[in-house]
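Undergrad: Protein chains in written order, with UniProt numbering: chain A, 1 to 295; chain B, 1 to 273.
Just so you know, the hints here were simulated from the structure itself, not pulled from any lab data. Just to be clear, a hint being listed does not mean it is correct.
Claimed, not checked - In silico DSSO-like cross-links for lysine-lysine, where the CA-CA straight-line distance does not exceed 30 Å:
| no. | chain 1 | residue 1 | chain 2 | residue 2 |
| --- | --- | --- | --- | --- |
| 1 | B | K24 | B | K251 |
| 2 | A | K289 | B | K115 |
| 3 | A | K290 | B | K160 |
| 4 | A | K95 | B | K40 |
| 5 | A | K179 | B | K207 |
| 6 | B | K262 | B | K40 |
| 7 | A | K285 | B | K139 |
| 8 | A | K289 | B | K24 |
| 9 | B | K216 | B | K245 |
| 10 | B | K115 | B | K160 |
| 11 | A | K174 | B | K137 |
| 12 | A | K95 | B | K98 |
| 13 | B | K115 | B | K40 |
| 14 | B | K218 | B | K207 |
| 15 | B | K218 | A | K290 |
| 16 | B | K138 | A | K290 |
| 17 | B | K98 | A | K92 |
In this text, all values refer to a predicted model and were calculated from it rather than measured experimentally.
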Amino acid sequence: MHAKVADKIATGILYVVAFLFITLLVSLFSYILFQGVPYISLDFLTSPSSTVQAGGGIRDQLFNSFYILFITMIITVPLGVCGGIYMAEYAKPGKVTNAIRTCIEMLASLPSIVVGMFGLLIFVNTTGWGYTIIGGALALTIFNIPVMVRVSEDAVRSVPQDQKEASLALGITKWHTIKTVILPAAFPGILTGAILASGRIFGEAAALLFTAGLSTPNLDYGNWNPFSASSPLNIFRPAETLAVHIWAVNTNGIMPDVQEIAAGSSAVLVLSVLLFNIIARVTGKRIQKKLTASK
Amino acid sequence: MVTVLNRAEQKTVKRKQKITKQIKPILQTQNLSISYGENKAVQDVSLPFSKNSITALIGPSGCGKSTFLRTINRMNDIIPSASYEGEIIYEDVNILDKNIDVIALRKEIGMVFQKPNPFAKSIYNNIAHALRFYNIKKKTVLAELVEESLTNAALWDEVKDRLHESAYQLSGGQQQRLCIARTLAMKPNVLLLDEPSSALDPVSNAKIEELIMKLKEKYTIIIVTHNMQQAARISDQTAFFLNGKLIEYDKTDKIFLNPANKETEAYISGRFG
Numbered sequence: 001m002h003a004k005v006a007d008k009i010a011t012g013i014l015y016v017v018a019f020l021f022i023t024l025l026v027s028l029f030s031y032i033l034f035q036g037v038p039y040i041s042l043d044f045l046t047s048p049s050s051t052v053q054a055g056g057g058i059r060d061q062l063f064n065s066f067y068i069l070f071i072t073m074i075i076t077v078p079l080g081v082c083g084g085i086y087m088a089e090y091a092k093p094g095k096v097t098n099a100i101r102t103c104i105e106m107l108a109s110l111p112s113i114v115v116g117m118f119g120l121l122i123f124v125n126t127t128g129w130g131y132t133i134i135g136g137a138l139a140l141t142i143f144n145i146p147v148m149v150r151v152s153e154d155a156v157r158s159v160p161q162d163q164k165e166a167s168l169a170l171g172i173t174k175w176h177t178i179k180t181v182i183l184p185a186a187f188p189g190i191l192t193g194a195i196l197a198s199g200r201i202f203g204e205a206a207a208l209l210f211t212a213g214l215s216t217p218n219l220d221y222g223n224w225n226p227f228s229a230s231s232p233l234n235i236f237r238p239a240e241t242l243a244v245h246i247w248a249v250n251t252n253g254i255m256p257d258v259q260e261i262a263a264g265s266s267a268v269l270v271l272s273v274l275l276f277n278i279i280a281r282v283t284g285k286r287i288q289k290k291l292t293a294s295k
Numbered sequence: 001m002v003t004v005l006n007r008a009e010q011k012t013v014k015r016k017q018k019i020t021k022q023i024k025p026i027l028q029t030q031n032l033s034i035s036y037g038e039n040k041a042v043q044d045v046s047l048p049f050s051k052n053s054i055t056a057l058i059g060p061s062g063c064g065k066s067t068f069l070r071t072i073n074r075m076n077d078i079i080p081s082a083s084y085e086g087e088i089i090y091e092d093v094n095i096l097d098k099n100i101d102v103i104a105l106r107k108e109i110g111m112v113f114q115k116p117n118p119f120a121k122s123i124y125n126n127i128a129h130a131l132r133f134y135n136i137k138k139k140t141v142l143a144e145l146v147e148e149s150l151t152n153a154a155l156w157d158e159v160k161d162r163l164h165e166s167a168y169q170l171s172g173g174q175q176q177r178l179c180i181a182r183t184l185a186m187k188p189n190v191l192l193l194d195e196p197s198s199a200l201d202p203v204s205n206a207k208i209e210e211l212i213m214k215l216k217e218k219y220t221i222i223i224v225t226h227n228m229q230q231a232a233r234i235s236d237q238t239a240f241f242l243n244g245k246l247i248e249y250d251k252t253d254k255i256f257l258n259p260a261n262k263e264t265e266a267y268i269s270g271r272f273g
């Protein structure tokens, strides 16, 4: 009888906790959307921001956010996956591996503002680049690589040992086995890690304040030459992202519609992350299907 | 076979082959001991395996027969603590030698595992996977080899209309035959089977046994089994292992009808194990 009561109480508590979380999530999400969505318009999304007058948009910030995300992922994902494969398949258990693992965990728990200061020191001052997109992307890479390594390692480890053995027993090399058997099977896990990392990157402000900067030069969206100063594709230009913009207008914005811009930007940020997740999952599923011939 | 060796070794092998022309086992272990760290899993086993015969390895769980089997194609190399003593002579070469190309060796000595382990790929790609690694990329050649291997594994008629569906949609028995087909596609000389039908239902089991009997014509087969009837039905020779030692090795009829050793008799009559 006692065990049964305990079972019921535990079930009840878990349901209550789950309910609390869902309520919190839903109310937070709907608050942001209700506050912000009314201000989102085509004009808001496609016009540049203004510093003094009302009616500024977030065109450049939105572009910068996606562009920095893109550059960061190009660096983070290959490095992180390679690190994960090394940790799961090549690193021999021992002191060195333990030291590497400790370092990765330490790096993962670094506050992003510290990463920002480090970025300021290295990617802004030492290199002499000033505030740049590439500097911001590198700072975000430092910030996200531990997570990416960890997630990839777990994904590679979770592939059943018998798949690996089957391939090796056919006279196939370890690297080819990793490439053609283990990575396709680990793909969903790695993709989830990449999505989580991109969410963090997209919403990150502190690490970018001192690396990608608080301003954006006048951009000419018709200019596709990545070496031109006014080209949006130039990675050696400063770039204020959406998250940084929200922080900036809230702390020192002097335009009359600060509240509206902040609320609208927040809603766009949240919706972008959501949209990004959905697209990533749908394409991920399609790729996975192609790799494994599953239905 | 030739690919396993470097050039210098090939010369010595050719010389040896000239000297010894009489018929001898294709594969032979000599005083083979295998340890995991301090723990000796197999002790001092010498066994011959002659061409185109089926040898059954029997014995209670943990007696070292699977370890023995996995050493023959160096699959135990994956386990860092595994170490060997003695020799395994395959076509006049000691395959435990450091200079052996393990990758090429595994192509020659194929292995099928206890639990069916097809890749999470289509039926076709399960077989094409290893062929592509060995640079067979032409579609017509690939398709031919896939059909040939599936036919040899008695699976072609059941899957020919759904080659591009996932291998996971097959039944357990079909999956195991697919695993055999994928090994046959590498054109090995020796097949190592580690309890290949113990995870299957009786009907699938019968099909696998029938297949193994047929494969004997082309391959040398070593099979680990817990099923006494299976060993008696399909094998030519039987080796009985106990606590890492080879207790008795003889023709299967002799082992099952008139074993020389008391422990062998006790095991096959079901008194322990």
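Undergrad: All hints, please: hold or fail.
TA: Evaluated hints:
{"no.": "1", "hint": "B:K24 - B:K251", "verdict": "holds, 17 Å"}
{"no.": "2", "hint": "A:K289 - B:K115", "verdict": "holds, 24 Å"}
{"no.": "3", "hint": "A:K290 - B:K160", "verdict": "holds, 20 Å"}
{"no.": "4", "hint": "A:K95 - B:K40", "verdict": "holds, 27 Å"}
{"no.": "5", "hint": "A:K179 - B:K207", "verdict": "violated, 34 Å"}
{"no.": "6", "hint": "B:K262 - B:K40", "verdict": "holds, 24 Å"}
{"no.": "7", "hint": "A:K285 - B:K139", "verdict": "holds, 27 Å"}
{"no.": "8", "hint": "A:K289 - B:K24", "verdict": "violated, 50 Å"}
{"no.": "9", "hint": "B:K216 - B:K245", "verdict": "holds, 27 Å"}
{"no.": "10", "hint": "B:K115 - B:K160", "verdict": "holds, 23 Å"}
{"no.": "11", "hint": "A:K174 - B:K137", "verdict": "holds, 20 Å"}
{"no.": "12", "hint": "A:K95 - B:K98", "verdict": "holds, 27 Å"}
{"no.": "13", "hint": "B:K115 - B:K40", "verdict": "holds, 25 Å"}
{"no.": "14", "hint": "B:K218 - B:K207", "verdict": "holds, 18 Å"}
{"no.": "15", "hint": "B:K218 - A:K290", "verdict": "violated, 36 Å"}
{"no.": "16", "hint": "B:K138 - A:K290", "verdict": "holds, 20 Å"}
{"no.": "17", "hint": "B:K98 - A:K92", "verdict": "holds, 20 Å"}
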